[in-house]
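S.K.: Here is what each chain is made of, one letter per residue.
2 protein chains.
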Amino acid sequence: MNHLHDVALEKAYRLLNHGPVTLVTFEHEGAGNVMAASWVMPLDFDPPKLALVLDRNTYSRGLLEGSGTFVINLPGRQQAELTLAVGSCSGQAQDKFAQFGIAAQRAKVIQAPIVPGCLAYLECRVIEEPGVQARYDLFVAEVLAAYADERAFSKGRWHFPDDELRTLHYSAGGTFYPTGNPFTVTMPAGVDD
Amino acid sequence: MNHLHDVALEKAYRLLNHGPVTLVTFEHEGAGNVMAASWVMPLDFDPPKLALVLDRNTYSRGLLEGSGTFVINLPGRQQAELTLAVGSCSGQAQDKFAQFGIAAQRAKVIQAPIVPGCLAYLECRVIEEPGVQARYDLFVAEVLAAYADERAFSKGRWHFPDDELRTLHYSAGGTFYPTGNPFTVTMPAGVDD
Chain X
-15 MNHLHDVALE KAYRLLNHGP VTLVTFEHEG AGNVMAASWV MPLDFDPPKL ALVLDRNTYS
45 RGLLEGSGTF VINLPGRQQA ELTLAVGSCS GQAQDKFAQF GIAAQRAKVI QAPIVPGCLA
105 YLECRVIEEP GVQARYDLFV AEVLAAYADE RAFSKGRWHF PDDELRTLHY SAGGTFYPTG
165 NPFTVTMPAG VDD
Chain R
-15 MNHLHDVALE KAYRLLNHGP VTLVTFEHEG AGNVMAASWV MPLDFDPPKL ALVLDRNTYS
45 RGLLEGSGTF VINLPGRQQA ELTLAVGSCS GQAQDKFAQF GIAAQRAKVI QAPIVPGCLA
105 YLECRVIEEP GVQARYDLFV AEVLAAYADE RAFSKGRWHF PDDELRTLHY SAGGTFYPTG
165 NPFTVTMPAG VDD
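Those sequence lines, one after another, are chains X and R.
Sequence positions in the first sequence follow this note's numbering and run -15 to 177.
Sequence positions in the second sequence follow this note's numbering and run -15 to 177.
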């Protein structure tokens, strides 16, 4: 069953605001790849933009520079092993979708694969910033479309109803942290909200 | 008791890799401020760099452009209310340290206040990138010093021994998510780590 529903573009930043680990998918001239990335953050609200660090020594970099597009996929618990795996090898010598048995689906508005079963997706187009791309491997992109699993994200908010439907945060050495249980605090007196 | 210990600079990215919410502190010509920021990410390992989004319509922006330095403070559970509060008002009209009773301490290598009781600190100096600063409010900085509460971060790893000593992730509307309990996955067979 398909639980994906569209996320309003002005709320797309909320998919990334809490800093989850991501899978990034690419395609250029028929060649695709998937990598893991934690160094992704929102950059603007509306139209939504984000920033992504992508090392110059990766196979994905060539695909990104060729197509100018990519998809940010947000893995849940069931994709943790996959996230570690695709982050630990290159797509130069082998097709990671085949290697790891990923039955890739198609993105909606750009030409790229997506990893099925993730909690949310942001389809992006690079805004050329050659200076910081060259100096820091830093890419700026506009979010063209966003959609999420309605069980985990709806009405502009994350819910995380159970442990399978939580986003993940990555530290190092194969250790992940699921996003914890929310708590809400109130504004101290005297602050003009 | 002071639990802070130095973090090796080449491990400083691990303080931020999992995407926690931060408090950012500034000082210029005797005027200080503190704000909340989720849009912060690592940018390089060694020497460590990070990227920060800082809106042009904030009081902090002038302090940052004046001093060229800032500190990233990582709040724990006990600073959640403070994080919401300082993120919801401007330091233009009032001294937020006084308003919220923050007994600011001093940073180690730059001229800036820090918020006591946080789980980690990264002292930073801006690397001038006027193009992306102007177009996206995006700042690149080098991390000059990093230190952390040894109960929560030691030997280059986060531990989160109890709920008070967890970093936080911010969504919206006063809702925070503590970093969850870690799990470690192993590499699938056939992947060259």
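Rather than coming from a laboratory, the hints here were simulated on the basis of the structure.
Owing to the predicted nature of the structure, the values given are computational and were not obtained by experimental measurement.
Mixed in with the good hints there might be a few duds.
Same chains, same label: a pair holds when it works inside one copy or across any pair of copies.
[Stated by the list, open to error] In silico lysine to any residue, SDA-like type, Cα no more than 20 Å apart, as pairs:
hint, residue 1, residue 2
1, K33, Y120
2, K(-5), S72
3, K33, G115
4, K92, Y120
5, K(-5), G71
6, K33, S74
S.K.: Each hint should be assessed against the structure and marked as holding or not.
M.R.: Structure-based check of each hint:
1. K33 <-> Y120: both (18 Å within a copy, 9 Å between copies)
2. K(-5) <-> S72: This pair counts as between: shortest inter-copy Cα distance 19 Å, intra-copy 32 Å.
3. K33 <-> G115: Answer is both; intra-copy 18 Å and inter-copy 16 Å each pass.
4. K92 <-> Y120: Cα proximity of K92 and Y120: none, with 30 Å in one copy and 27 Å across.
5. K(-5) <-> G71: between (28 Å within a copy, 19 Å between copies)
6. K33 <-> S74: This pair counts as neither: shortest intra-copy Cα distance 27 Å, inter-copy 24 Å.
Checked against the numbered hints above, the structure violates hints 4, 6; every other hint is satisfied.
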